[in-house]
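Chemist: Sequences and hints are given; from them, build the entire structure.
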Amino acid sequence: MAEKLLTQRNAWDRVLSSLKKRSLWMLHYCTGCGAIELPPTMTARYDMERFGIMPMVTPRQADILLITGYLSVKTLKRVILIYEQMQSPKYVVGFGSCTINGGMYWNSYSTIKSLDQYLPVELFLAGCMPRPEAIIAGFNALMDKIDQGKANSWEDYYKNYEFYRKNQQHAFGDIETHHDIPSDGAYFGILEADK
Amino acid sequence: MNKPTLDRANVLARPPAAVGKPRSAADLLSAMADELGIKTFFQKAPRRIEGTVAPELLHSFAANLRNRLGVEHLSAISCVDWIDQGQFELVYHFWSYRDSTLMSAKVRIDRATAQMDTITDLWQPASFFERDIHEMFGVYFRGNGDLEKYILSDWNGPPPMRKDFVSRDFAHEHFQFKTYDVPWDERIQGGYYGSRNGEEKKNG
Amino acid sequence: MNAGVGLIVWIILYPLVAFSLGVLLGGYGRKFTARVQRRVGPSWIQPFYDVIKLMGKRTNISHGYMHDVSIILLLGGTVMTLYFVPVPGYHFFGQFGDFIVVMYLILIPSLGMALGVGQTANPNGSIGISRALQMLAGYELTFMLAFIGLAMKHHTTSMYDVILAQQTGGIATWSIVTDPLLGIAALFALQGMLNEKPFEVIMAPHEIATGPMTEMGGKYLGMMFIQHLILLVMELTFFINLFLGGALNWFEYIIKLFAVFTVVLSVNAVYGRFRTDTALRFFWKLPLPLAALGVLGIQFLAK
Amino acid sequence: MDSLITANDGRDIMPGARALENREYNLFIGPNHPGIEGNFALKLTLEGDTIVKAKTEAGFLHRGFEKLMEERLFMQNIAIVARICVPDPDPNEENYARAVEAIAGIEVPRRAQFIRVLVLELSRMASHLFTFGGHGGTIGLYTMPNWTVSDRDRILDLFEELTGARVYHLYNIPGGVRRDLPQGFENRVKEVLFFIEDRLKEYDELFFNNRVLLERSVGVGVLPQDRALEWGATGANLRAAGFAYDVRKDDPYEVYGELEFEIPTATDSDCYSRLIVRRRELEQSIRIIRQILDKMPPGPVWNKQPNPLKWRVPAGDAYVRTESSKGEYAYYMVSDGGVRPYRVHVRGASVTHGVHILENMLRGARIEDASQIMFSLDACPPEVDR
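Protein chains in written order, with our numbering: chain A, 1 to 195; chain B, 1 to 204; chain C, 1 to 303; chain D, 1 to 386.
These are calculated hints, taken from the structure and not from any lab test. Keep in mind that the hints are not guaranteed to be accurate.
To be verified - Covered, in the sense of this in silico footprint (three residues per stretch, anywhere, with C-beta under 8 Å from a C-beta of chain C), are these stretches of chain D:
1) 27–37
2) 125–139
3) 142–152
4) 210–219
5) 364–371
In this text, a Cβ means the ideal position worked out from N, Cα and C, and glycines have one as well.
Modeler: If you want it as structure tokens, here you go:
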């Protein structure tokens, strides 16, 4: 069953999600120029590990996929492969205006213009490279959303997979990914929640 | 000790002429004139000399520059697309550590055939620049081993840096922008959405 | 009758106690390292949150039957080994907990991990596993040699008797005081067993993307985390039982756990990691000869 | 067909057994890997732990800067130029500004030249501290990145006060710099310099004299001295091979000619010597900044240009070189007298370090040292892809 509707959450769900929000693992992958503000966020001065957020190495172990700034088409192909390897619930966080609507590279031939046509994005951070404080404020907002059980944009990828698939094929042609998303959705019981 | 070896043994490690008293720009110009037979060079600015070289003479010019004059550093190979004159201009920037002078050799090649000899057998950094120019402009370098796509490996359009390829139009056709169809947006910008570059273009 | 009931209760309760001790130790370890790095560090029970999140994952990609079974083998092997490790106030299996049995049982989790990672067919994983088995020849050998010295000295291979022998005269009779060479060698081996830098070659993220754990996700990783925490407590308990005279009551036991772990962590925070062969060579250059000297010393001097 | 197992008299005992042809296997240290600096990929062919063949793969960060610059006005390019190389953005602004000034013959006030050198050296210090942290991370010493990156933040605070932004400053524009130093800025810079200086002593204890770092990096990733010049190494990688060449000394720009500073070099050109050369460069940068703050003349900071929307730069071209923390960083700009630059070629410092030199040096290295070699060369992928 998908994340239950907000009204149906009983005490056990509330306790679970308040515990789950305390541990978020961020994929250690700098896709764009915003990644220069990640080391200061991870290290001594801003220290995001206070909230239990830790950089993890492989997609299998990560919950958050950071798209730090612009995304060239070549990186988008790798990002899709990585996103599908991640275990849901997973959250895509888009940094800066490049992920919202092209940003500084609006007239570039090799960067995609808006990220949420290709991946369900949970959180956009403003700033042409968001500052460490903005990143931590964004992560806190994400933690609150998880706490209230509203952070389920990842189901959207399973539910209307055709929309995303069509845009991806338009961007870089057809690639065979390792995961057959619709069957994964059915197997793990994410699709029939709203039937 | 893992000593990596280069697979071309014939390249000189350090030409003998590279060590010695620094020569002034005038000496370099005269040395170039009589030893290499290239008279088109002139001094443009302090530590900058520049000149044009015929395409077929470039390979020997590069070889003599290294062996005779002791120039050791190929800083860059740039390519300029003069579309009005139908020519590509390849600018070879050589830097001499001994004399602290930059020698820019300008070579004009025809834009349609767009072919040039390679100098990777003499200058190892040239392999990146030539592969880059091949990708971005479509200039074929005769004799260069690996000209396959490196940066634009997922790009199947025309060479993007040519002047006839306009990046803005490609971006508008190929990628969808977010259309804010919020009523107040229409009123403020007079129904125009898109780049602010002075052209009034209704976004379809 | 009540011994049987007590036994059943203990069999169920003890892994939970070991797990919660491991959570506290894990949280303390991350806070200690953070403080060395001038950071605030996560909460004290951060591993608990991590395990809850991992077990709450909705999709768990499995790589086949062997992958699932190996994780059960991994966790089951560790919990089974737990019962043979004498701990204060626990006198069921512990009494008969022979060190050789424990050393044999402790190989089951690494065997389970090797099978599971082999099934995931990730090159990083297989490099990690080959490194793990190489490192066995380093720290496992040293710890074994250190124990053989003690076994010869006290004429027993049971940890319980070694503890009793050490508790006769207070600190003076602790093994680390009576045979310091074995103690230091065992401390080096402990650093390797806990996979702490400078011997952290198995899960080297910068080289082989966390080695064996590369393909583990969701519940698999959760089980591996639980196993790692329990293993942490167990290996520290080995060292305490063999060299620091065991523990009479739980309070002393926890103090010793944190003390030994602090020593291990302080080395871990300020050293990089060796290459695999350098780590192995280091073991064969310093700790192993030390242990051998200790054993020779016991053989000839203590007649 | 050489037999695999032969008896001592040479007979082939097991005719069927052949040497394992394919003992090599491929390992992609792909774009998503902590051992890689930025978004870059290494396709390695390994035999056991030793790398037999390495092929770099770039292009993940390609945004087509040179094309974007041709479609923007001269003043508009200032915003986009700084975004080419992320850890060390100021040489980009410096190159762009000086290229336009060289073509248009704009005179830059002396005080602006001093401020430019101040900004460049602060950016070099920040980038070097970042590289020390990265290098510490590759050998697993995570305390080092925590210390250096948080100390680098003190420099970013200075930048934020001077230019309004932490990383991309957009401060260095054709004709000078955007605004003068704020009140009492010099004392705060001196404070940070003293702070960094006594932090260097602690870095020596923790990192530069660390037994494990010496064990891991001395004699590893050797850039052969006879090949260094020929492969086109520049910057600290060349100086670690024993050649004392530095663009600030060979081709002095701004006011570098009037400042005294040495060029640190090393001889055995391995990972450790590159690290030590960068550490000494950090000390030289501190020395330069102190001289700048003492000799700073008063006066205007910007030679005001006409209306940026209609500003035409006369036809001409210029090749401008700067010493960035990664090596020689050069721009070749051509203008045809129009409102937009006709062509800008960005010669990043890592086009040689990150591609061919890295491939040549990885051949024969071990898998553990692959990421350390890349960090010691300080190869910055956005410079390769532009």
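Chemist: Take the hints in turn and mark each one as holding or not.
Modeler: Comparing the hints with the structure gives:
1. 27–37: holds (count 4)
2. 125–139: holds (count 4)
3. 142–152: holds (count 5)
4. 210–219: Since three or more residues must qualify, the claim that chain C covers the region 210–219 of chain D holds, with 6 doing so at under 8 Å.
5. 364–371: holds (count 6)
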